[in-house]
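Novice: Take the given structure of chain A and dock chain B to it, following the hints.
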Amino acid sequence: MSKRGDKAENGKKFFWRLHHWVGVYTGILIGVLSLTGAVAVFIPEIDALILKHHYDAVSTTSPTGMPQFSKSIDSLVRRYPDYSSLAISLPDHPGQAVKVDLIIRPEGGDLKRYDFFIDAGSDYIIGQRDHQNSLANYLRQMHVRLYEGYWGRQLVGIGGIALAVVALTGLLIYGNFMKRQAWPNLRKSVNMRIHMADWHKLLGISALAFNLVIALTGAWLGLQPWLMRWLDITTPNPYKAAIVLEPANDRALTVDWQGILNATEKEFPELQPRYITPSTNGSGTVMVRGNIPGSIYERDINTLVLSKTDHTAVFKYDVREQPFGHKFYYVQEALHFGDFGGLMLKALYALLGLTSGFLSLSGFIVFLCRKKKKKANKAAPGKIAFAYSVLILLFLVGIAQISLFIGYAEASLVAGIIINVLLAAFVGYALAKYLMGSYRRKRRAILARK
Amino acid sequence: MKKRTQKSQVIERYLVPAALFVLNFCAVHVIYAYSTNSWISLWHLIALTAVLVALTFALALKNSGFLVCSITAYLLILTYWW
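As given, the protein sequences belong to chains A and B, one line each in that order.
Residue numbers for the first sequence follow our numbering, so the first one is 1 and each next one is one higher.
Residue numbers for the second sequence follow our numbering, so the first one is 1001 and each next one is one higher.
It should be emphasised that the hints constitute simulated quantities derived from the structure, not laboratory data.
A quick note: this is a predicted structure, and the numbers were derived from the prediction, not measured.
Treat the hints with caution; some may be incorrect.
Below, a list of computed lysine-lysine pairs in the DSS-like style, where the Cα atoms sit at most 30 Å apart [unchecked claim]:
| hint | chain 1 | residue 1 | chain 2 | residue 2 |
| --- | --- | --- | --- | --- |
| 1 | A | K3 | B | K1002 |
| 2 | A | K7 | B | K1007 |
| 3 | A | K179 | B | K1003 |
| 4 | A | K188 | B | K1002 |
| 5 | B | K1007 | A | K188 |
| 6 | A | K3 | B | K1007 |
| 7 | B | K1062 | A | K12 |
| 8 | B | K1062 | A | K240 |
| 9 | A | K3 | B | K1003 |
| 10 | A | K13 | B | K1002 |
| 11 | B | K1003 | A | K7 |
| 12 | B | K1062 | A | K188 |
| 13 | B | K1007 | A | K13 |
| 14 | A | K266 | B | K1003 |
| 15 | B | K1062 | A | K383 |
| 16 | B | K1002 | A | K12 |
| 17 | B | K1007 | A | K12 |
| 18 | A | K13 | B | K1003 |
Computed from the model, here is a short list of chain B residues facing chain A with C-beta under 7 Å [claimed, not checked]:
| hint | residue |
| --- | --- |
| 19 | E1012 |
| 20 | F1021 |
| 21 | V1030 |
| 22 | I1031 |
| 23 | Y1032 |
| 24 | S1035 |
| 25 | S1038 |
Ideal placement from N, C-alpha and C gives every residue a C-beta, glycine not left out.
Next up, chain B with everything else stripped away, as it sits in the complex:
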């Protein structure tokens, strides 16, 4: 019970704010990529869109693994295509 509460606190206090933080940047990034046709490759655009969708679903489902993975995925996209 205590463990579950602790896990829920980690999600609510750290992972959700972190995912929302990343979602702000990701949403702006996706709109920018679509409106200016400035994606590097089609895979870049697909990956960006997929991460935006993943972040939204992760926030809706509030699954810790999903949240961590989607945040990491966006950071990886940023680093890989910088």
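Looking at chain A on its own, in the form it has when it is part of the complex:
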């Protein structure tokens, strides 16, 4: 074979090894993220269903056509005068309740975060829940940081890098592995390894572009805090209103919410307001955040800041008018969660997102089959893969139960312990295996020389 041919062959072997090892060591992580991600794209829809059916948080028709919530907000502010943050979430569809996210930080006490539901027609508080213990929060936190507060988010980012590596190396070795097999044919065989390998190649190549986008955006979102610190990147839209009042006086200011909505319509007509946040730091402003229909950017990133008293616009952030860097920064989350094309797109995202989970499972079975063939291992690969899958599901369901029925902090503690113990054991095992292999190779070389 020519030198060029050798080089190409070595390159393919290297990519195969990389695909193999990255897949083996991060397959479980990719599988968990695939499963949680496929559900996470539907968080707003799932939460809306829970609010409607579990909390009976349904709105009657507003007489003015605009959501009514002024009286309810006043009563909440009177009930919790020392709240540290209050965000009003406007309904996306008629019939949905207005949601108020209220954070209270008592001095020396634990942070409390509640969601209150307001009937947008009659302006009555119709229910409340602990925000942290909600299913929506569980689904988000499990996908975003595996419920591990210390470095869970970074672990997820590493999972994104791993998915990008396996997707790219998979593409590079695809041709070599297909040989004379044509896409989308599956070989007729009762052998589990061949069956799984064929499905692995078929789905891997079919959803490659999608998985690559998810992997790269996921890697950025997961490693964002570290990358921003290392590369000295600042958050776009770093607006901070000037402080003109005492914080207590700012909180006590009465806000004309309908006036705020009218002013928003006048100042930023394309904006669909979704969140209204009054200031509590003494700036005397109200921040209105929302979406511009048809644009592919992170939710609620377009902003209008209005004066609490005369409703004049203090600041406007329309992401469409910003430089490329801002647009690129804010497109990541939308692309990752498929939050820009309605329910159909979300369904496609969930379907394609599940392929990476299937790829990690099928890859794992192929790996176990190869191992069994080499070492005459008696354990059935299908059973081992099934046992791993059940353990993962038990972990996800267990943490969900703790989070929903006991508390977020307790669930986070348990998840943190499980993940960190498993991670330490996994790294220790990999290191020990590498050292043992290296020792055996050296010993064999010494014996051969003798």
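Specialist: Only chain B this time, still in chain A's reference frame:
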């Protein structure tokens, strides 16, 4: 015979993966355009839908010319209506 095998290898190893890659983006693009009514003109929407159909048929038929044309057509649509 050898030529035919080579052609088939080019289709299977390069054109099919490239078409699938483009199809992923095109499918998301078409759903986005329909669900948000965000097409630039009716021709834009017709062209997008036609390319999605063409890519699907090209993958089913595995004709090299059809595959190349449908991939190029989508790239042209992206460039023209950017």
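Novice: Could you run down the list of hints and mark each one as holding or not?
Specialist: Going through the hints against the structure:
Taking the CA atoms of K3 of chain A and K1002 of chain B, the gap is about 24 Å. The hint holds against a cut of 30 Å. For the proposed pair K7 of chain A and K1007 of chain B, the alpha carbon gap of about 24 Å is at most 30 Å, so the pair holds. With a CA separation close to 16 Å, the supplied pair K179 of chain A and K1003 of chain B stays within the 30 Å bound. For the suggested pair K188 of chain A and K1002 of chain B, the alpha carbons sit about 26 Å apart, so the restraint of at most 30 Å is met.
Between K1007 of chain B and K188 of chain A the CA atoms are separated by roughly 25 Å; this keeps the pair inside 30 Å, and the hint holds. Of the pairs offered as hints, the one joining K3 of chain A and K1007 of chain B holds, with about 25 Å between alpha carbons and a cut-off of 30 Å not exceeded. With a C-alpha separation of about 26 Å, the suggested pair K1062 of chain B and K12 of chain A falls inside the 30 Å cut-off, and the hint holds. Between the alpha carbons of K1062 of chain B and K240 of chain A the distance comes to roughly 57 Å, so the proposed pair goes past 30 Å and is violated.
Among the hinted pairs, K3 of chain A with K1003 of chain B is consistent with the structure: their alpha-carbon atoms are about 25 Å apart, no more than 30 Å. Only pairs whose Cα atoms come within 30 Å are accepted, and K13 of chain A paired with K1002 of chain B is accepted, the gap being roughly 26 Å. Between K1003 of chain B and K7 of chain A the alpha-carbon distance is near 25 Å, which keeps this suggested pair within the 30 Å criterion. For the hint pairing K1062 of chain B with K188 of chain A, the CA-to-CA distance comes to about 21 Å; that is within 30 Å, so the pair holds.
Between K1007 of chain B and K13 of chain A the CA atoms are separated by roughly 25 Å; this keeps the pair inside 30 Å, and the hint holds. Our distance criterion of 30 Å between C-alpha atoms is broken by K266 of chain A and K1003 of chain B, whose separation comes to about 67 Å. In summary, the hint linking K1062 of chain B to K383 of chain A is not supported, as the alpha carbons are separated by about 38 Å, beyond the 30 Å threshold. Under the criterion of a C-alpha separation no larger than 30 Å, the hint pairing K1002 of chain B with K12 of chain A is consistent with the structure, at around 24 Å.
The straight-line distance between the Cα atoms of K1007 of chain B and K12 of chain A is roughly 22 Å, inside the 30 Å bound, and the hint therefore holds. Only pairs whose Cα atoms come within 30 Å are accepted, and K13 of chain A paired with K1003 of chain B is accepted, the gap being roughly 27 Å. Evaluation of the E1012 of chain B hint against chain A yields a held restraint, the C-beta minimum of about 6 Å falling below 7 Å. A cut of 7 Å between beta carbons decides the hint on F1021 of chain B: the least distance to chain A is about 4 Å, and the hint holds.
The interface hint given for V1030 of chain B is broken, as the beta carbon of that residue sits about 9 Å from the closest beta carbon of chain A, more than 7 Å. The interface hint given for I1031 of chain B is met, as the beta carbon of that residue sits about 5 Å from the closest beta carbon of chain A, less than 7 Å. A cut of 7 Å between beta carbons decides the hint on Y1032 of chain B: the least distance to chain A is about 4 Å, and the hint holds. Interface hint status for S1035 of chain B: upheld, as the beta-carbon distance to the closest one in chain A is roughly 3 Å, under 7 Å.
Annotation: interface hint on S1038 of chain B holds; nearest CB of chain A at approximately 4 Å, less than 7 Å.
When each numbered hint is compared with the structure, violations occur for hints 8, 14, 15, 21.
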